[in-house]
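Undergrad: Each chain, letter by letter, is given below.
Number of protein chains: 4
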Amino acid sequence: MGIRLGANQYGKAENRVVRVYRESSRHELYDLNVSTSLRGEFTAAHVTGSQADVLPTDTQKNTAFAYAKRHGVSSPEDYAIALGRRLLEAAPRAQSVQVRVEQYAWDRIPVGGEGHDHAFIRRGDGTRTVAVTVSDRDARERIAVLSGVCDLVVLKTTASEFKGFLKDEYTTLKEADDRIMATSLVARWRHMTTETDWNASYAAIRATLLEVFAATYSRALQETLYLMGQRVLEAHSEVAEIRFSAPNKHHFLVDLEPFGLENNGEVFIAADRPYGLIEATVIRDEAPDPGEAWLAVPAFT
Amino acid sequence: MGIRLGANQYGKAENRVVRVYRESSRHELYDLNVSTSLRGEFTAAHVTGSQADVLPTDTQKNTAFAYAKRHGVSSPEDYAIALGRRLLEAAPRAQSVQVRVEQYAWDRIPVGGEGHDHAFIRRGDGTRTVAVTVSDRDARERIAVLSGVCDLVVLKTTASEFKGFLKDEYTTLKEADDRIMATSLVARWRHMTTETDWNASYAAIRATLLEVFAATYSRALQETLYLMGQRVLEAHSEVAEIRFSAPNKHHFLVDLEPFGLENNGEVFIAADRPYGLIEATVIRDEAPDPGEAWLAVPAFT
Amino acid sequence: MGIRLGANQYGKAENRVVRVYRESSRHELYDLNVSTSLRGEFTAAHVTGSQADVLPTDTQKNTAFAYAKRHGVSSPEDYAIALGRRLLEAAPRAQSVQVRVEQYAWDRIPVGGEGHDHAFIRRGDGTRTVAVTVSDRDARERIAVLSGVCDLVVLKTTASEFKGFLKDEYTTLKEADDRIMATSLVARWRHMTTETDWNASYAAIRATLLEVFAATYSRALQETLYLMGQRVLEAHSEVAEIRFSAPNKHHFLVDLEPFGLENNGEVFIAADRPYGLIEATVIRDEAPDPGEAWLAVPAFT
Amino acid sequence: MGIRLGANQYGKAENRVVRVYRESSRHELYDLNVSTSLRGEFTAAHVTGSQADVLPTDTQKNTAFAYAKRHGVSSPEDYAIALGRRLLEAAPRAQSVQVRVEQYAWDRIPVGGEGHDHAFIRRGDGTRTVAVTVSDRDARERIAVLSGVCDLVVLKTTASEFKGFLKDEYTTLKEADDRIMATSLVARWRHMTTETDWNASYAAIRATLLEVFAATYSRALQETLYLMGQRVLEAHSEVAEIRFSAPNKHHFLVDLEPFGLENNGEVFIAADRPYGLIEATVIRDEAPDPGEAWLAVPAFT
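Listed in order, the protein sequences are those of chains A, B, C and D. Mapping of the first sequence onto the numbering used here: residues 95 to 395, in sequence order. Mapping of the second sequence onto the numbering used here: residues 95 to 395, in sequence order. Mapping of the third sequence onto the numbering used here: residues 95 to 395, in sequence order. Mapping of the fourth sequence onto the numbering used here: residues 95 to 395, in sequence order.
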C-alpha cells in the first residue's frame, strides 16, 4: 500500500501591511491584508522533515513588508504581482505562488468642506480583493489576476419578486410579488491580461455591479447576479469571467395583524440564519483556460 | 444568614427591526437593532417562579416591531422614547425601562449620478447608537437620553506624538515624535432635555468629533479625546456630558534596515492585540444628575 | 460655563500571556488574556497633554509579562492581585487599578489512556474570569476580587416551563409546559476576603452552578439563576454576592404538520436573534460594600 | 461575442437543526448546522428569470428539518446522505447535491458523579464536520463522503523545532531548537465507501490525530501533518485521503532581559496575525477519483 503527499501549499496569512506615501503634505494611505502561499515540490519538508527547500513563512512576511517599500503600492494588483514574482524567484522548489490581498478603503475626513491632508475615516462599504497566481518561470511565466470585492451589502426595498418556483411536498413558501432583496455580495473577476489600469477597472466594475443591482427588476437573486455579470462582461473586454457568491439576507415581513395593524411592506425582521446562498459564474466563450487562478480562492464554486 | 435578590433586569436583545417608508416612490429605510430591558420589583419571578408580573421578552419583541409601525421611526431617539414609555406602562411592576438602539446607515446607490429611489448600499463608517432610560411614571416620569456613535474607525498619519511619559524599570517604549494614531471610537453623549432635533444634533456632533480628530495636534489619545469632548460641549448646549471609549489601534513601524531599506514613516504593521484602551468623560459643571442613564450601558467607565 | 474631566481610566487590553512551567517533564500551562486599567488623577494628560504622570500602556504590558515570571501564576486571582498592586505602586497618581483576566482551559491530550506531559487540547466549555480592583495604598489598601466564568453553554431538553405570565395586547406567546432551555452563562461572584483557595473555590462553584442548572425544575430562567445563586451563597461562605447575565438561547419547535409529521419535542431550530437577556444579582445581607468592584466590569447590571 | 452561465450552485446555508431523542428518560441530543447546495442545469433561472426548475432554498430548509424526524439522525454522515438523496430526487434539473453538516458536541452535566439524563454542557474542543456529495441518479448514483473535524486547538510546549530552512536576503528568523507549536486544526478525510460505522470511525481518527500530534517530535508543522495523515491512512483502510489546513498559531518568547529576568521557554505572547498557514494532502495510491467530493469545500487546496 503506497501513501504519498498530495496537493499542498504553505505561506503567511494576514500580514497587515499599511503603506503611507508622504512625499507631499497630502498623504496617501494603502491599508492591506496580505496572504501568500507557495505550492510546489515540498515532499522533503513533509516526509523527512528537512526544511532545506522551505522559504519560511516569516521570510514571506518580511518580503511582503519590504516590497511595500521597495516596489511600492500603486494598486493591490500591481503589488501582488511583484510580490508573487519575487517569492517564486526566492523559492526554487515552488512551482507557483498565490498572493491574496484585501484592501480596506479610507476616505479623507471632511474639514471645512475639504478632505483633510492626513486624517482618514475607514469606509465600510465593501472591501477590494485581489488574488494573483504566478506560475512557472522565465519564458513560461504565467500570471492570473482575479480582482474583486467582498462585503458589499446592498438592499432594495421593492422591484423584486420570487414566484413560479418548483413545488414538492416540503414546500410551504408563498409566492412573493414584492419583497426586500438584500445580499452581502462577493464578486471576483478574472482578467484577460495583466495590461490593465487596475484602479480604473476596479472602480468601473464596482459601479456597474451596483447600478445593475439597483436599476433592474429581479425575478430571483440568480437572475440579478447573471445580469450583473453579463453587463460587466459586455462593458469590460478586459474581463474573461466573473463569479459571484451571494447570501440571500432574508427580510421577513412581520405579522402585525394580531395587533390590529396593517403591514404593507413596512416592517420587516432581518434574519440571521439560515440564509439562501447563491453562487454563479458568468463567462465569455473565448475566455482563456483559468489554470490555477481559482485554486484555493475562498467561497467559490 | 439572609440571601436576597439584588439588582436585576430582563428583556429582549437584538430585535432586528427594519422599517421602510414607501409613501412615495422614493423609499426611506431605517435599519435598527433594538434591545429592551425592564427593571423593578421582580422578586417573585426569581424566588417563587411566579411569572404573573413578568411581561415576556417575546411581548417586548412584538411591541418593538409594532411600534415601528404604530409610532413610526423618525429618529432612533424618538422611537426609543416611545417604546420605553409603552413598556413601562405595560409592566406595572417595572420601575424603569432601558431601550438601546443601534442604527445602521445606508446610502442610496448612485445610478446615473443620482441616488436611487429604492436601492441602497450599507455604509460602514460608524454606527449610530441610542440608550434611553424611562423611569417612574406620570408626573414623576423621567427620561434620560444617550446618543452616540460606535465603530467610527479613524486614523491620522502624522501630527501625533507620545513622549515625556512616566518611566519605571519595566519601561522599554521609545518616545515618538511622529506616529500613526488610530482608533475605533465609541462615544456617547447625554442630552440635557428631550427637546432636541435628534437627527440634526447627531450629524453635527459626529462632524465635530471627526473635525477635532483631524485638525488638532495630538500629544496623546487622552488629549485628543478631551479636545473632542470640550468642543462638543462648547458647541452643543443640549449636551450635558460625553464619554469616550477608544482603543489605541497600534501601527508599529516595521524595521526594514536588515533589508537595506529606509522606513521614514512609510511602512507599518497594524497590530491586533494588545491595544491601549483609553476611556474618558468630559462633563459640564451644571450637568444634571444622570440617574440611571449610564446603568448597564456597555463599554463605559 | 465650566467644562471638566470626569471619570476616566486607561490601560492595556488583551495581553495574551502564556506561562509554561517546565520544572519537571510534566509541563503546566496557563493561557491568559490580561487587561489592566489605571484610574486616578490624570487631568494633566487630558487637558494639557502632559504625560508626566502617565505610566504608558506599553509599560503595563511589559509588567504583565514580567510578572508572569517574577511573581508567577498559580491562579488568575493571585496573579491579578500581584499585578494590580505593582501597577498602583508604579503610578503614583493612580488611585485604583483594575486587572481583568480570562483563563482559557486546556486538557492534556490522552495518549495510551494517560494525559500527555506536554501536549494539550484547548477545552471550550467556559472560560474562567477574574476582575481584581486594588484601591488606595499602604494601610488603607483595599482589594476586591471577582471570580467568574463566561461562555458556559448549557442546555436542558426538558424540566423547563414558561407560563402564567403577564399578558397585554402585544402578547402572542403561547404558554409552554415543556421546552428546551439553553443559555450561554456569564457569572461573576465577589469574594468576602482575599484569603481563599482560588482554584478550589472556582472548581466547586462552577460545579454547583452546573448541578443546579441540571437538577432543578425551571419555571423561568430567572428562577433558575436565583436558585444557582442561592445555592452558591449557601455553600460558599467566602462569596458575598453573585451576578448572572444569561441570554435565553431560544430553541423553537419546528412545525412539521404540513409534512404529515408529529413533533413531540424532537426537532427544534436554534435561533440567533433576538434573544431574551436575563440579568440578576443574588446577595448576602451582610455583604460588605462593593466599592469599585463592579465598576467597568462588562455585561452587568 | 458569446456570454454564458458557467459553474453555479444554490441552496440554504446554516440551518440550525437540533434533534432530541426522548424515547427514554435519558435524552439524546444532536446539534447540527446544515447547509445544502444544488448544482445542475439552472440556466433558465439565471438567464430568463424562470424559477420553474428551482426547488426554493426555503423548501430545502423544510426538508432538512423534516428529515431530522422522518429519517432521523444517527450520525451526521448518515443524515446528510439521506438528505442529499432526497434533494436530488426533488429537483429533477439538479445533477448533484452537496450537504454540509457541522455537529456541535455536548457532554452530559455531571451530577453526583454521573452524567445527567437531560442536561448538557457544550464542549468546545473541536467540531465534527461532514460534506456529502450525491451525484447522478438511479444505477449511476455516486456518493462521496468527507468526514472531518475543525477548530481542534492543540498545543505542545516542547518537542518542536524549526531549523535548516532556506535563507535569502529577507530572512531574519532565527533557528529554533525548542518552541511552542500550536494550531487550530482543520482536517477532512474522504471515505472509500459508504459502508462505514461513521461514529466509531470518527472517534478513532480524531484520537489518532491527537495522539500523533502529542507523541511525535516535530521538525515542522508540515512534518507533523504528514505523520498524522500517514498514521490515519495506515490504521484506517476506509480512508482514501486526508487533507489538513493548519494555521501556525505563533507563540513568541517574550524578551525579559531588560527587566533582569531569564526566560527559559516560560513566558510567551500568543500572537493573532499574521500566522503561518500550512495545507497538505496525504493520499493513498489506490484512492479512487474524487469526482466533485472536494468542490466548494471551504479552506482546502
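Any given hint could turn out to be false.
One copy or two, it doesn't matter: identical chains are merged, so the pair holds either way.
As the list claims (entries may be wrong) - Computed cross-link-like contacts, PhoX-like style, restricted to lysine-lysine with a CA-CA straight-line distance of at most 25 Å: (1) Lys268 x Lys163; (2) Lys343 x Lys163; (3) Lys343 x Lys261; (4) Lys163 x Lys257; (5) Lys268 x Lys343; (6) Lys268 x Lys257; (7) Lys343 x Lys257; (8) Lys163 x Lys261.
Worth flagging that the hints you see were computed from the coordinates, not collected in a lab.
Undergrad: Evaluate each hint against the coordinates.
TA: Quick rundown of the hints versus the structure:
Taking the shortest alpha-carbon separations for Lys268 and Lys163, only the inter-copy value of 23 Å comes in at or below 25 Å, while the best intra-copy value is 57 Å. In this assembly of identical chains, Lys343 and Lys163 lie within 25 Å of each other by CA distance solely across copies; the values are 22 Å between and 41 Å within a copy. Only within a single protomer do Lys343 and Lys261 lie at most 25 Å apart by alpha-carbon distance; the minimum there is 22 Å, versus 33 Å between protomers. Taking the shortest alpha-carbon separations for Lys163 and Lys257, neither the intra-copy value of 54 Å nor the inter-copy value of 27 Å comes in at or below 25 Å.
Proximity of Lys268 and Lys343 under a CA criterion of 25 Å is satisfied intra-copy only: 17 Å inside one chain copy versus 28 Å between copies. Taking the closest pair of Cα atoms, Lys268 and Lys257 come within 25 Å of each other only inside a single copy of the chain (8 Å); across copies the shortest separation is 32 Å, beyond that limit. In this assembly of identical chains, the alpha carbons of Lys343 and Lys257 lie at most 25 Å apart only when taken from the same copy (18 Å versus 34 Å across copies). In the homo-oligomer, the alpha carbons of Lys163 and Lys261 lie at most 25 Å apart only across protomers (21 Å), although the nearest pairing inside one protomer, at 59 Å, exceeds that limit.
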